[in-house]
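Q: Take a look at the letters that make up each chain.
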Amino acid sequence: MTQPNRLNGGLIDHETRLKFIFDGKDYYGHPGDTLASALLANGVRLMGRSFKYHRPRGPLTAGSEEPNALVELRGGNRQEPNTRATTAELYDGLFAKSQNRFPSLAFDAMAINDRFSNFLTAGFYYKTFMWPAAFWEKIYEPIIRKAAGLGALSMRADPDEYDKGFRHCDLLITGAGPSGLMAALTAGRGGAEVILADEDFEMGGRLNAETLAINDAPARDWVVAALAELSSLPNVRLMPRTTVIGAFDHGIYGAVERVSDHLKTPAEGKPRQILWRIYTQKTLLCAGATERPIAFENNDRPGIMLASALRTYANRFAATPARRVAVFTNNDDGHRTARDLHAQGVKIAAVVDTRPDAQSSSDYEVLKGAQVIDSKGRLGLTFAEVKLADGSTRTIECGALGVSGGWNPNVHLTCHQRGRPTWNDDLAAFVPGDTLPPGLSVAGAANGSFSTHGALKSGAEAAKKALGLKGRLPKTPQAEDAPVSQTPFWYVEGCARAWLDQQNDVTVKDVKLSHQEGFRSVEHLKRYTTLGMATDQGKTSNLGGLAIMAELAGKSIPEVGTTIFRPPYTPVPIGTFGGRMRGMEFHPTRLTPSHFWAKERGAVFVEVGNWLRAQWFPIEGETHWRQSVDREVRQTRASVGVCDCTTLGKIDVQGTDAATFLNKIYCNGFAKLAVGKTRYGLMLREDGIAMDDGTAGRLAEDHFVVTTTTANAIKVYQHMEFVRQCLFPDLDVQLISTTEAWAQYAVAGPNSRKLLQKIVDPAFDISNDAFPFMACGNITVCGGLRARLFRISFSGELAFEIAVPSRYGDALMRKLMSEGEEFDVIPYGTEALGVMRIEKGHAAGNELNGTTTALNLGMGRMVSKAKDSIGSKLSERDGLNEDDALKQVGIKPLNPAEKITAGGHLMAADGPVDASHDQGYVTSAAFSPTLDHMIGLGFLKNGGDRLGEKMRLVSPVTDLTVEVEIVSAHFVDPEGERLRA
Amino acid sequence: MIINHPLLGPRDSAEFVYMGDAALIDRPDPDTASPEDWHDYAYLRDNPAGEHRELWFHEGGDRSWLVVTRNTVTHEISKVELARDVARARGRST
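Here the protein sequences come in this chain order: A and B.
Residue numbers for the first sequence follow this note's numbering, so the first one is 4 and each next one is one higher.
Residue numbers for the second sequence follow this note's numbering, so the first one is 689 and each next one is one higher.
Incorrect hints may appear among the rest.
To be verified - List time: in silico BS3-like cross-link candidates among lysine-lysine, alpha-carbon distance up to 30 Å:
(1) A:Lys273 to A:Lys22
(2) A:Lys757 to A:Lys818
(3) A:Lys22 to A:Lys350
(4) A:Lys680 to A:Lys818
(5) B:Lys767 to A:Lys468
(6) B:Lys767 to A:Lys718
Don't read these hints as lab results, they were simulated from the structure.
Go ahead and model the full structure; you've got the sequences and the hints to work with.
A: Okay, structure coming up:
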């Protein structure tokens, strides 16, 4: 094992070896390497296959803008597809595979696509595979999906944790290159709270990758000193490995910190990544610039990369893709690459400069006024073909070619709030525009200050200005201040296939075709060709595409404009957005006071909103839920059952105007409700539709307890606060939700009073005379524990609801069970609760479904005309009060063996079955153990007058037709004798 | 977004629930309003591209309803008031 292309120096620890495996083969690299740099040092240039044509590809860049070198990092359930090898930090034991190839990277069967490229041009999926239509889903799409696409998911749960966090600062600096460091020093010394974030694991930006001098010493020395000073300042927080991904409203920035991606597995208790929400007064974007390529024939071979990347690999990572390299440039920066690599002992085959007046060199040949017109090499570059100034061609042997077409400022974050960049002619590039996100300013190369001196100076100045710092700035260190002039050179003429977007396989020709076919707006161009739509979002390709579009349209580039930049700046794993909110933590889980007791009893639980409620309590010998539910219903109706109904919303309403307030929110009257009494109340929405129902018990003149349905507890509270604060602001009334303060149990059945009498302290008489139906009051139980008792019934039986402070809920349930043994008390769950309320004909969520009125629910007369309440006026609308309005009815099958299904529609006994003959629909259905057949509740046109009518219940979707009879919705105890017993 | 709560200072919008047009405060007078007034109140809302007065409920906070004047294009918030104060100023009482 040797590293044939490892150079000396750089920011890597040559003494320490890190072993890693790529495509099953063992290699080693060093701390400080990325996967890409280590592979290049090991002589590996081929790292992936392209998306569409499966062309062999190697890294184009040395950073997060990488389109090509995407790998599957790690294995097993940690496998992470489409990871950029150029940013993946090397660690010992790293395991990676190339992707989008079969069977191997060197021989990929799908590379046949490349031969059919004429059929796979821009918009091919809009043009081909059109016929026959049925083939699309079954044949074409699966084939295309298999052929295209990048890495594969492991399809297993990610074992790692992701977290979210919040930070606050005066100044957020994104990017720790020369301008960012200088800004941080200025702001930090000025006493501001500063966060300096950089996506790299090594702060310093381009200074880490260049051989520049600052104050006549290596630039890296200045970086080290600056970082040391910043680390010593308590008001400065350095966040390496942190990408600021988006600029959001009001100074909120999103940032992703890769806490553990550089480790084999996260340390115990540490997340893999953290999504930070950073609140800042001011932000300074020091995101630098990205070099842009020049498109030419076969410019995508492994070994062809950006000239700056070649330089980064050599200077920072001590790696080179080859020992003999060439450079293709249209600007002076390309020559810097040649100089640096030459100094590292890499042979410079030639520098090909498009400019006839390019600078010369005594160390290597400069071909002035020349262009690279083609390349050779099946799995990696071997030769570059150059057209010289005189028109002749020359073949240059080289294993790598650095390409430089100039630099583009990284303006992305400046455009996240719909700002547009402006065109700078001197730089031939877009620079940040006038409309920046409020509080954001830009410095350094991101603002077009490309020289080192310019970056340092602008960083200091921008920080001072942003924070309004007084006094002298820190002295700007001495550094090169070469003037920058970029002339555009986007592509070499006359190419068949010159690649612009290497990740999505978009060529210069595709852009031309798009224009020819009329897709001329940049947004259309993007979607038709997919230019810039890949995971790199076209960081190295968009401008080239725009330039070609502008040329074809005879417009300037700024006239053509850019597509919209949107967050995130670089890809973010879904897991990071999810954070800890996955599985059971997706939302909070609310447990009822009897939860642990119910669990001991072997209850089956169901999610009801955030609550977990016991659905039924199976006992030995029961194998089907219906057995448990039927037993619970029968036993409750025969003796006594207990159900946890804590989840119902409880809202405490207090104040001298409490009754007046309830008169506003309920359509029926509450003002005259006596103390010690409870009343059923129906709330309407202002449009006259039923919103929620429940009870309100009057504990004192100025004190009510309102209950809501479980599902609407939060919404109803919000609504009541709206009515209180926005509509009747001067009512003396206060609200608070006490849902979780009280454990509340329904105790139902003919023996419920006898059971409660064993618990309720003797001072409180709960006999039928003293505590009749709908009574309520404060009591004590079990020798002095304060409690509330309501004689209300959802089941239709003699029933009570008893409430104690939540912390006594578990004990009360156990007490009810032990004291109830003599009555064979049973707990019942939400299923039995549902069955009993259907048997009794009580409306619930299925009936209060957002389309029904009090009239529909059979409560039309409840809407008081003597007072104003929310929804009362609009409930009087003609449209809601037609003669054949839907009315709630009961439904039973003529043949008791047949099924009633909720969702089925009611049709006349004969005649057509279609929407125009629809008579109503079934909202709830259950098997009634009391009646021994299925029953349903539903709404039927003019239903109140149609009891006894035979109809058909149909469900064309499930092919169901059942003959039914319309009956009263009150299947059990229609006179309410049991309630009052 | 950050909403500058009149009592609690700047709070993240994630603590709030949005309801929409603050015109909901102007509930018609049940004694005098016509059916058309009720229809407009229940169903018609302005949807401006620009400044908009809207109701936000501080559900994760002090449970105040606020009237937030927000530019729907830029999200700039120029004014935050307690809805109760707004309601009183508009003549609402009991």
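Q: Does each hint hold? Answer for all of them.
A: Okay, the hints, checked on the actual structure:
no.: 1; hint: A:Lys273 to A:Lys22; in the structure: 24 Å, holds
no.: 2; hint: A:Lys757 to A:Lys818; in the structure: 14 Å, holds
no.: 3; hint: A:Lys22 to A:Lys350; in the structure: 29 Å, holds
no.: 4; hint: A:Lys680 to A:Lys818; in the structure: 27 Å, holds
no.: 5; hint: B:Lys767 to A:Lys468; in the structure: 27 Å, holds
no.: 6; hint: B:Lys767 to A:Lys718; in the structure: 26 Å, holds
The structure shown violates none of the earlier numbered hints.
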